[in-house]
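Asks: As a plain string of letters, each chain reads:
There are 4 protein chains.
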Amino acid sequence: MSKIDVALIGAGRMGSIHGPNAGRHPGMRLKYVIDPRPEAAAAVGGPFGAAHVSLDEALADPAIGGVLVCSSTDLHLEHTLAAVEAGKAVFCEKPLDLDLGKVVAAAPKLAKARLVLAFNRRFDPHFVALKAKVDAGAVGRIESLHLINHDPASPPPGFIPTSGGLFKDFTIHDLDLARWLLGEEIAEVYAAASCLVDPEIGRLGDVDTARTVLKTHSGRLCVISNTRRSGYGYDQRIEAFGSSGMVSAGNVAVDMVHAQTEAGSSGAPIKYGFLQRYVEAYRAEMDHFADVLHGRAEPLVGYADGLAALALAEACDESVRTGDVVKPGDYTHA
Amino acid sequence: MSKIDVALIGAGRMGSIHGPNAGRHPGMRLKYVIDPRPEAAAAVGGPFGAAHVSLDEALADPAIGGVLVCSSTDLHLEHTLAAVEAGKAVFCEKPLDLDLGKVVAAAPKLAKARLVLAFNRRFDPHFVALKAKVDAGAVGRIESLHLINHDPASPPPGFIPTSGGLFKDFTIHDLDLARWLLGEEIAEVYAAASCLVDPEIGRLGDVDTARTVLKTHSGRLCVISNTRRSGYGYDQRIEAFGSSGMVSAGNVAVDMVHAQTEAGSSGAPIKYGFLQRYVEAYRAEMDHFADVLHGRAEPLVGYADGLAALALAEACDESVRTGDVVKPGDYTHA
Amino acid sequence: MSKIDVALIGAGRMGSIHGPNAGRHPGMRLKYVIDPRPEAAAAVGGPFGAAHVSLDEALADPAIGGVLVCSSTDLHLEHTLAAVEAGKAVFCEKPLDLDLGKVVAAAPKLAKARLVLAFNRRFDPHFVALKAKVDAGAVGRIESLHLINHDPASPPPGFIPTSGGLFKDFTIHDLDLARWLLGEEIAEVYAAASCLVDPEIGRLGDVDTARTVLKTHSGRLCVISNTRRSGYGYDQRIEAFGSSGMVSAGNVAVDMVHAQTEAGSSGAPIKYGFLQRYVEAYRAEMDHFADVLHGRAEPLVGYADGLAALALAEACDESVRTGDVVKPGDYTHA
Amino acid sequence: MSKIDVALIGAGRMGSIHGPNAGRHPGMRLKYVIDPRPEAAAAVGGPFGAAHVSLDEALADPAIGGVLVCSSTDLHLEHTLAAVEAGKAVFCEKPLDLDLGKVVAAAPKLAKARLVLAFNRRFDPHFVALKAKVDAGAVGRIESLHLINHDPASPPPGFIPTSGGLFKDFTIHDLDLARWLLGEEIAEVYAAASCLVDPEIGRLGDVDTARTVLKTHSGRLCVISNTRRSGYGYDQRIEAFGSSGMVSAGNVAVDMVHAQTEAGSSGAPIKYGFLQRYVEAYRAEMDHFADVLHGRAEPLVGYADGLAALALAEACDESVRTGDVVKPGDYTHA
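Chains as they are written, first to last, in full-length UniProt numbering: chain A, 1 to 334; chain B, 1 to 334; chain C, 1 to 334; chain D, 1 to 334.
Chain A extracted, bound-state conformation (with noise of 0.2 Å):
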């Protein structure tokens, strides 16, 4: 496989993952890393003799076939942006930004754009064996659905007020996996929320703990379990109903290990974090990406479905706010 050269914008903590992942990759080479810190960018660049350039240097370059944005939240609409403008394929970390608006007016830049939005949980190995099984009719139509995504513990108080809230940031992976195993667009949103973990969290206006109830137009029902800190690893879950049986993905132990004693059985956590249980996920990630590079592969997930997952945590949003159900807007054909 011949290699194309990409540059990552942002060497920070996504950064981290998707470099490396790059670097190492048969069909990628990393040549530029882009970053206000310079000890950032060659931390994550140096290995794979990756330069620390500017923005618009590794735009400029005609070599770089792809970007890879990982800069701050509030940053990646533009970065994706400029990425598309320059011809570049880019993979985007999620939310492709936290204001609706910035992203509805963006539709004509990069509905058609060679764009990847790294919802991760789409490229997870039990993820997609559980959505084969399902697309296979194992057990008949989808007729309801069990989303559990716990993180292990709260984040530190100071990622809160720039995060855009639980729904942003963290529920929006499960309303984008909704979408994807439902095949089907939400008619209405109910999101009961409360701060039970971290008074700190309230006082910043956010949640912490919170069931969401999907329904789409024909009348299938999807319920999201959330909660910033599980006291028990990442728990990551799909539970699929369907006409004829059920279907699920469940967690991932640290190791197969078990005793026994009068007390009882005794095993291993599962696995911790999301840097722990979507190692493979980022890795397929980054396999996609090359595909798409390579011109082999259309991008599996992109801007239409960053536009949803978006407008759908603004209602959920809405749906705490006013404690009422709310009908998400309509951006199918933005």
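Don't read these hints as lab results, they were simulated from the structure. Note that this is a predicted model, so its numbers are computed, not measured. Worth double-checking, as some hints may not be accurate.
No copy is singled out in the list; a pair is fine if it fits within one copy or between any two copies.
[As the list claims (entries may be wrong)] In the SDA-like style, the derived pairs of lysine to any residue whose C-alpha atoms are separated by at most 25 Å in a straight line are:
(1) K131 with A263
(2) K131 with G267
(3) K112 with A304
(4) K271 with A136
(5) K327 with I142
(6) K3 with G87
(7) K271 with S243
(8) K131 with S266
(9) K271 with G137
(10) K131 with E262
(11) K131 with T261
Place chains B, C and D on chain A using the hints.
Replies: Below, chains B, C and D without anything else, positioned relative to chain A:
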């Protein structure tokens, strides 16, 4: 253990379970069976030497200490009131009645009665073990709850019109479980429901698939998942999420046999219906009623619980009808 | 179903299980209990109205169709012979006798008798389901077998001298299971055994921990794992390895409750002893004996099986004594 | 971490695993690949810039700190001796040699060498976690052990003649595991073996199905279960039975997806072969070798372990040949 005489009202589906359990119980003698159909009464009572008598005769017999009310739902309240007035201890199948007003009106007579209301889930050994673990603080304070209650197959359409509908007939079990496990009253109810299983159920004005969200006064959340047809057996599970972990009660499989081939693993189905799943709960209910009869215990679940669960079921109905969040009436001091 | 009268010999540990199961069975009436201790006989037979009589009286009663032999092991054979000679069907606890010579000598009288030998594992629903899967060809021809049979806790030392030793008392169940599941006789036996649990068992000349390897004439292999004290309950498992996969029967837990915390998962212990684990097997044994009594079935397991298992147990003893591989005697045409 | 140069001998099946793991390791640089086939050497070494040289050249380079011996089994010992004599640390695939005499004779040169013998099970995270639990006393003193090691499918017949046979090629892993987990030498060996999978294996003088019983000097017991073709994947399990319970390491499934229908439950197969199952063990082996190279650790498993396991494998061969129990030679002071 001495035996106290009891009478069974109703030799139908539930009477055929509770009657023999009473007949075999070391603390009771099944003396009478009351039922308009002599053959039905004989079939249930015969093996225990129980006589087929009228309700008046049975209640007039001072040797009768307790009455098992297993008549049709529309007669539960009338029979319970008659038995209580005759000074008997009563074991009554759920629900007390479908009409909340009538149940409220019965408060003066029933609030302090020796009345065990047969919410079988409270007596299931798995759910009892879960409750014990929660109460022992195994995972800290419970913040949210998932209750899964899926029937294996649709009831016959003829059952629907007198059933009271999905919420009063079926969800009522979960509404009671939620109160029991959370130890707190419900402040808000939202129910999303559809008719996805059987269009006939819809024509009869009922729903067959629902997700209900309960919020307590302190903000704790409970999701109830119901369907009339699972396609894989009687799915009866609980997941309780606490501040330091989760506790779950899983399904019981028909046997512990597993096969492994290149195609994967396979195992037995889960227990198919309530007769299989709750066989031990029904025995434990009768043990508890025997304890009440013999003065060794106060009813663990009675009038107040039946009233509260019915009020919540009515709130679910209203939520489905209006599409809104509903604040259930407060009957805790009824 | 009509009832056939039966007599119970022995109101001890096993009689207290089988007597009441017969007494409650719709196809039998427990008419007599024979036991040198009147109180023991009354305790078991009283609730069913069974009279305490002598063995001669019971066998002389032409109404008695069947006899349950639950006396001490050294009397099993004598009581079985007496009952068979009196024309009764017999249900006899294992083993028939500890002395192989005596059992061989009884062939003329017992080989064709209506005798059900109580190898309870053959009636366990989990093992029956495994056998059905194997017989249905779910994993091809069985090539090897693991039988795990671990007692929860050491028997009282007083039990050892009359027990016949680990192999005749305990392993005999597995030796029968091996023949049943493999459908082939055993050509070679090797048993490695130690006294690791309780030195007192060793002083009494017995062992408490053993691994036994059986090889059939066609070369198929079976390993039996035994210990007198598991420390975690009554471990009762089978793994059958076939040409296209494996089938296993796992342990049954006390309940289906699991907790997850940062420390890991935890669950209930497995069922502790034979009374808990084989409660359904004991009922199924009595169902089968009822079928034999009523002429609806031939004994599924009888004299020939008891003889074969005993001969294998004796081969195990010899293997431990000599440290060599032993070819068991061929009693299949006894 | 600085990098130390290493050379890989053998670019075949195992070299294709260890070479790239060394090449990607932060503590090593893969400088040379030695293999008679230039294309094979290039395929493995090329991506890491490793040169294709002769063994002499590689060993003569003072910059080379370590050598990975992945040549064919009959050359393991020769290559290891050459590398040790050249003052290199050695990572050698198992077994050291098929000829016990040759391995014994190498003691003066290898007993104190910096030699890591690649018994991959010792580095598997599941087995390491089991060992840690056992060492922490979770279930008291280990009294007996089950090791299950089933290959998914028969090797090509061409492999058999040079393989050393089932015990030296395959069981040797379990013989090493037994010593590691029991922490005690083996006093007696009995192996029962058959050719049930592929008659061609039998014609070549080997067996394909075996059960081996080991007894330690203190009487503890270990059963090893081996087959060349499981029909359900690579069955790799351990069960350790202690004085107060058991610890087990189960198989790893391909994914965590399960379906439930009226027919029962179904799930993914277990990982199919050693490449899938031991991918993490191979990485951990290279981590350990890096630690040895950098002087941060002594070899966890080396010459003495390889010798002991080989002596036990030879005892297994003798037991199968003679049909007797065999006392393995004592090479613990070799």
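Asks: State for each hint whether it applies.
Replies: Tested hints:
{"no.": "1", "hint": "K131 with A263", "verdict": "between (38 Å within a copy, 18 Å between copies)"}
{"no.": "2", "hint": "K131 with G267", "verdict": "between (28 Å within a copy, 14 Å between copies)"}
{"no.": "3", "hint": "K112 with A304", "verdict": "within (9 Å within a copy, 60 Å between copies)"}
{"no.": "4", "hint": "K271 with A136", "verdict": "between (29 Å within a copy, 22 Å between copies)"}
{"no.": "5", "hint": "K327 with I142", "verdict": "within (22 Å within a copy, 31 Å between copies)"}
{"no.": "6", "hint": "K3 with G87", "verdict": "within (18 Å within a copy, 40 Å between copies)"}
{"no.": "7", "hint": "K271 with S243", "verdict": "between (32 Å within a copy, 18 Å between copies)"}
{"no.": "8", "hint": "K131 with S266", "verdict": "between (31 Å within a copy, 15 Å between copies)"}
{"no.": "9", "hint": "K271 with G137", "verdict": "between (30 Å within a copy, 23 Å between copies)"}
{"no.": "10", "hint": "K131 with E262", "verdict": "between (40 Å within a copy, 20 Å between copies)"}
{"no.": "11", "hint": "K131 with T261", "verdict": "between (38 Å within a copy, 17 Å between copies)"}
Hint violations for this structure: none, all hints satisfied.
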